[in-house]
Amino acid sequence: KAGVTQTPRYLIKTRGQQVTLSCSPISGHRSVSWYQQTPGQGLQFLFEYFSETQRNKGNFPGRFSGRQFSNSRSEMNVSTLELGDSALYLCASSLGVAGVYNEQFFGPGTRLTVL
Amino acid sequence: SQELEQSPQSLIVQEGKNLTINCTSSKTLYGLYWYKQKYGEGLIFLMMLQKGGEEKSHEKITAKLDEKKQQSSLHITASQPSHAGIYLCGADMHTGNQFYFGTGTSLTVIP
Numbered sequence: 006k007a008g009v010t011q012t013p014r015y016l017i018k019t020r021g022q023q024v025t026l027s028c029s030p031i032s033g034h035r036s037v038s039w040y041q042q043t044p045g046q047g048l049q050f051l052f053e054y055f056s057e058t059q060r061n062k063g064n065f066p067g068r069f070s071g072r073q074f075s076n077s078r079s080e081m082n083v084s085t086l087e088l089g090d091s092a093l094y095l096c097a098s099s100l101g102v103a104g105v106y107n108e109q110f111f112g113p114g115t116r117l118t119v120l
Numbered sequence: 010s011q012e013l014e015q016s017p018q019s020l021i022v023q024e025g026k027n028l029t030i031n032c033t034s035s036k037t038l039y040g041l042y043w044y045k046q047k048y049g050e051g052l053i054f055l056m057m058l059q060k061g062g063e064e065k066s067h068e069k070i071t072a073k074l075d076e077k078k079q080q081s082s083l084h085i086t087a088s089q090p091s092h093a094g095i096y097l098c099g100a101d102m103h104t105g106n107q108f109y110f111g112t113g114t115s116l117t118v119i120p
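As you go down the protein sequences, you meet chains A and B in turn.
Following this note's numbering, the numbering of the first sequence begins with 6 at its first residue and continues without gaps.
Following this note's numbering, the numbering of the second sequence begins with 10 at its first residue and continues without gaps.
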């Protein structure tokens, strides 16, 4: 089975722009979660989508949004980019809702740099 | 504040030495995952612990879960350079329906 794929792997944007990141989960997985990883804050939960519905959302501003398609692929969008949005964005997929009974499989991440 | 605190924050050991990483929760644990991350890459699943007192081993890595202490430990025996990376614990603490990760422990193994 192919693993979780994320595109693009690297991205450079300037302040004020918007960006869309894509995540393709493992075939059959219905849940996709997004995380932001920075040296200062560590790995922080952004949101989780399950069967095209946002199940929950972390403590991030409304500039961060996402969606999930019927084939479980997911996109996350960040509008009006700020310097502090520079981070490694990781997505993870799981068969069911992410949690202790449903292991999450992670993609390689998208490294976003905001100049 | 962090729901999951890891200690130590970083560790530098000589190849062949044993080491332990701890993960302490501020809330009741309902099971816990351990992941390893190579710098700037995705997370690799190591182990999942579901019950208090559970202990699992894979190759030279052993993890234990102590529900009473709300703590888990990861022990590496006879460390090798291939063990280097960032170790992260993660847990579903039934709070806000989200998955939390620990602060991370950076491990360097000197040949």
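Rather than coming from a laboratory, the hints here were simulated on the basis of the structure.
For glycine and all other residues, C-beta sits at the position ideal for the given N, C-alpha and C.
Among these hints, one or two may not hold up.
Some chain A residues near chain B, calculated using beta-carbon distances under 7 Å [unchecked claim]: (1) Gly45; (2) Gly47; (3) Phe50; (4) Asn61; (5) Gly63; (6) Gly101; (7) Ala103; (8) Phe111; (9) Gly112; (10) Gly114.
Right, here's what the structure says about each hint:
no., hint, in the structure
1, Gly45, "violated, 11 Å"
2, Gly47, "holds, 5 Å"
3, Phe50, "holds, 5 Å"
4, Asn61, "holds, 4 Å"
5, Gly63, "holds, 6 Å"
6, Gly101, "violated, 12 Å"
7, Ala103, "holds, 5 Å"
8, Phe111, "holds, 4 Å"
9, Gly112, "holds, 5 Å"
10, Gly114, "holds, 5 Å"
The structure does not agree with the numbered hints 1 and 6 stated previously, though it agrees with the rest.
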